[in-house]
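> Below, each chain spelled out in residue letters.
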Amino acid sequence: GQQLNQSPQSMFIQEGEDVSMNCTSSSIFNTWLWYKQDPGEGPVLLIALYKAGELTSNGRLTAQFGITRKDSFLNISASIPSDVGIYFCAGQWTGTASKLTFGTGTRLQVTL
Amino acid sequence: DVKVTQSSRYLVKRTGEKVFLECVQDMDHENMFWYRQDPGLGLRLIYFSYDVKMKEKGDIPEGYSVSREKKERFSLILESASTNQTSMYLCASRLDEGGDGNTIYFGEGSWLTVV
Numbered sequence: 002g003q004q005l006n007q008s009p010q011s012m013f014i015q016e017g018e019d020v021s022m023n024c025t026s027s028s029i030f031n032t033w034l035w036y037k038q039d040p041g042e043g044p045v046l047l048i049a050l051y052k053a054g055e056l057t058s059n060g061r062l063t064a065q066f067g068i069t070r071k072d073s074f075l076n077i078s079a080s081i082p083s084d085v086g087i088y089f090c091a092g093q094w095t096g097t098a099s100k101l102t103f104g105t106g107t108r109l110q111v112t113l
Numbered sequence: 013d014v015k016v017t018q019s020s021r022y023l024v025k026r027t028g029e030k031v032f033l034e035c036v037q038d039m040d041h042e043n044m045f046w047y048r049q050d051p052g053l054g055l056r057l058i059y060f061s062y063d064v065k066m067k068e069k070g071d072i073p074e075g076y077s078v079s080r081e082k083k084e085r086f087s088l089i090l091e092s093a094s095t096n097q098t099s100m101y102l103c104a105s106r107l108d109e110g111g112d113g114n115t116i117y118f119g120e121g122s123w124l125t126v127v
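Chains as they are written, first to last, in the numbering used here: chain A, 2 to 113; chain B, 13 to 127.
Any given hint might turn out to be false.
Heads up, incomplete: computed chain B residues facing chain A, CB under 8 Å, no partners named [to be verified]: (1) Phe32; (2) Gly54; (3) Leu55; (4) Leu57; (5) Tyr76; (6) Glu91; (7) Asn114; (8) Thr115; (9) Ile116; (10) Gly121; (11) Val126.
Here are the computed lysine-lysine pairs in the DSS-like style, where the Cα-Cα straight-line distance is at most 25 Å [stated by the list, open to error]: (12) B:Lys69 / A:Lys100; (13) B:Lys82 / A:Lys100; (14) A:Lys100 / B:Lys83; (15) A:Lys100 / B:Lys25; (16) B:Lys30 / B:Lys69; (17) A:Lys52 / A:Lys71; (18) B:Lys67 / B:Lys82; (19) B:Lys65 / B:Lys15; (20) A:Lys100 / B:Lys15; (21) B:Lys15 / B:Lys67; (22) B:Lys67 / B:Lys83; (23) B:Lys65 / A:Lys100; (24) B:Lys65 / B:Lys82.
What follows is a set of in silico ranges between Cβ atoms, one per label pair, in the way DEER data are often shown [what the hints assert, rightly or not]: (25) B:Asp38 / A:Gln15: 39 to 49 Å; (26) B:Met66 / A:Leu113: 31 to 41 Å; (27) B:Glu120 / A:Pro9: 43 to 53 Å; (28) A:Val45 / B:Tyr22: 18 to 28 Å; (29) B:Ser19 / A:Ala79: 34 to 44 Å; (30) A:Arg61 / B:Ile89: 35 to 45 Å; (31) B:Glu29 / A:Ser28: 17 to 27 Å; (32) A:Pro40 / B:Glu91: 29 to 39 Å.
Keep in mind that the hints were calculated from the coordinates and are not lab data.
Ideal Cβ placement from N, Cα and C applies to all residues, glycine included.
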């Protein structure tokens, strides 16, 4: 099945730095979801976006639903060691089969 | 909080065995899903269910079947397990389509090894 383009694929950052990752699609979505997955665990929902242009925060995390409906980004401010993990975006368009399309994932590693 | 519970976290089964993976959600969600996750291949949809007794094939249904007799429970069945079905299996649920009902919640995952 289709996967969304997510970048960067991986990143090493220093504790305290800000992080930015994004997801792009060739298709329009009306929902964007961002998940974090720790090794051996299931994805945990971080932020859900339902409207083009919407900007939503969850603690140190901020995500935006792109105006074109074809992209979204996630920012993490002041990263800490527990931010380590894989971050996935997912897009969905209600009215088709309503299946999620997932991004390829961004592996975040934090150095102290 | 939404809770999606997968009963078995780690299983080891022999080739040819019948395997049941159980998933229960406690939020009266209409839709439930089974995915498998493999390195380099991402999350792939096996089957999903819109409602009780209703199922639809996903992207990789071969070798799998599902059962949804009750709204809260969605079972994945491997009729005759094979080594290429060694993977992490993720169950998920969603209230329904539309607005914040579009949000999908995942269980913790079931690691299946077929030997």
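> If a hint holds in the structure, say so; if it does not, say that too.
Cross-check of the supplied hints:
no.	hint	in the structure
1	Phe32	violated, 19 Å
2	Gly54	holds, 6 Å
3	Leu55	holds, 5 Å
4	Leu57	holds, 6 Å
5	Tyr76	violated, 15 Å
6	Glu91	violated, 23 Å
7	Asn114	holds, 4 Å
8	Thr115	holds, 5 Å
9	Ile116	holds, 6 Å
10	Gly121	holds, 4 Å
11	Val126	violated, 18 Å
12	B:Lys69 / A:Lys100	holds, 11 Å
13	B:Lys82 / A:Lys100	holds, 21 Å
14	A:Lys100 / B:Lys83	holds, 19 Å
15	A:Lys100 / B:Lys25	violated, 30 Å
16	B:Lys30 / B:Lys69	holds, 20 Å
17	A:Lys52 / A:Lys71	holds, 12 Å
18	B:Lys67 / B:Lys82	holds, 13 Å
19	B:Lys65 / B:Lys15	holds, 21 Å
20	A:Lys100 / B:Lys15	holds, 20 Å
21	B:Lys15 / B:Lys67	holds, 21 Å
22	B:Lys67 / B:Lys83	holds, 12 Å
23	B:Lys65 / A:Lys100	holds, 19 Å
24	B:Lys65 / B:Lys82	holds, 8 Å
25	B:Asp38 / A:Gln15: 39 to 49 Å	holds, 40 Å
26	B:Met66 / A:Leu113: 31 to 41 Å	violated, 50 Å
27	B:Glu120 / A:Pro9: 43 to 53 Å	violated, 27 Å
28	A:Val45 / B:Tyr22: 18 to 28 Å	holds, 19 Å
29	B:Ser19 / A:Ala79: 34 to 44 Å	holds, 38 Å
30	A:Arg61 / B:Ile89: 35 to 45 Å	holds, 41 Å
31	B:Glu29 / A:Ser28: 17 to 27 Å	violated, 39 Å
32	A:Pro40 / B:Glu91: 29 to 39 Å	holds, 30 Å
Hint compliance for this structure: hints 1, 5, 6, 11, 15, 26, 27, 31 are not met, and every other hint is.
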